[in-house]
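Chemist: Sequence:
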Amino acid sequence: MIGKSKLSTILWVLMGSEIIRAWYDYFSGAIALLEGFQFSVFSLLLGISTLTGLVWVYENAPARQAKLHLDAAVGILAGAFLGSRAGFVIFRWDYFQNHLLEIIQFYAGGYSWVGMIIGWLVAALIISRIIHQPLLVLCDYFLPLAGCLAVGIWLGCWFEGIAYGGLSTQWWAIPAVDEWGIIANRFPIQLIGAISTLFFMILLNALKGYPIWKGWLDVPGFSTAFFSSMLSVSCLLLSFLRQDPAPTCLGLRLDTCISAGFSIMGVILWGVIVIRKKRVFMNKIMQNQNTC
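First residue of the sequence shown: 1, per the numbering used here; consecutive thereafter.
Treat the hints loosely; a few may be bogus.
[What the hints assert, rightly or not] DMTMM-like, lysine to aspartate or glutamate: derived pairs with alpha carbons at most 20 Å apart:
1. LYS214 / GLU59
2. LYS208 / ASP218
3. LYS208 / GLU102
4. LYS208 / ASP255
[As the list claims (entries may be wrong)] Simulated restraints on C-beta separations:
5. ILE90 / LEU250: 16 to 26 Å
6. PHE96 / PRO211: 34 to 44 Å
7. ASP218 / PRO175: 36 to 46 Å
Keep in mind that the hints were calculated from the coordinates and are not lab data.
Fair warning: this is a prediction, and the values are worked out from it, not measured in the lab.
Note that beta-carbon positions come from the ideal geometry of N, C-alpha and C, so glycine has one too.
Take these sequences, add in the hints, and give me the full structure.
Modeler: What follows is the structure in structure tokens.
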């Protein structure tokens, strides 16, 4: 028998997965059409990754706060959803300023990963104030959800003709579709992105088993800074290999510039946390010496 609390948890998890699935339902990569039902690989992968991330958040949360963290995670997903839509509208304001009613037509599609990140952070900041938990602590708790979403998005891009690499005849090339629906062997950018993200998540969890690293990973924000820096740098490097069309900035792809910005911010956050940790450690040493 499933208890009420567990049933409630399952319902919240399913609701969260459906919210994310709706984000990318508009993508054109339907792989099957069964009696009028259009099946989107991107939606399925986003649903699975969201479900996995929410369960991970629930399992990692303190026993008495598991339900609270799960509810907060769903709230952050909603913020990320709104932010991703707002980002898409802002980047294409030349069109939407003449079609204002289409801004609220979420079902028609149109989302931005940059807006998603900003919406995620804004929602996390608001929720941290509501539940009275430090922002960096909250970000660390929800890191598994962010990582699972990143893996799902990378894999979804593989099936939907987004962020694809150049044509290649090498043995490591894999079939990938472009925005025109043409399938050809290409450099496996999306697969590398998904595998590298998964590797960063596994590495972060493995390091917790080493005392020297566990002390650092217990510092609020350190895990978030570590993961976001690694993920941003990998996205930055892979952006130079992308062949899909994209707007430019300073002679580079816009996503390259944005990834570079996120990489710098992640490294700065990492540095600030390390300096703070060392300062606290040195203060404790001084206090012990004075006591002696």
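Chemist: Are the hints correct? Go through all of them and say.
Modeler: Evaluation of the provided hints:
no. : hint                        : verdict
1   : LYS214 / GLU59              : 19 Å, holds
2   : LYS208 / ASP218             : 9 Å, holds
3   : LYS208 / GLU102             : 47 Å, violated
4   : LYS208 / ASP255             : 32 Å, violated
5   : ILE90 / LEU250: 16 to 26 Å  : 19 Å, holds
6   : PHE96 / PRO211: 34 to 44 Å  : 53 Å, violated
7   : ASP218 / PRO175: 36 to 46 Å : 44 Å, holds
Violated hints, listed in ascending order, are 3, 4 and 6; each of the other numbered hints is respected by the structure.
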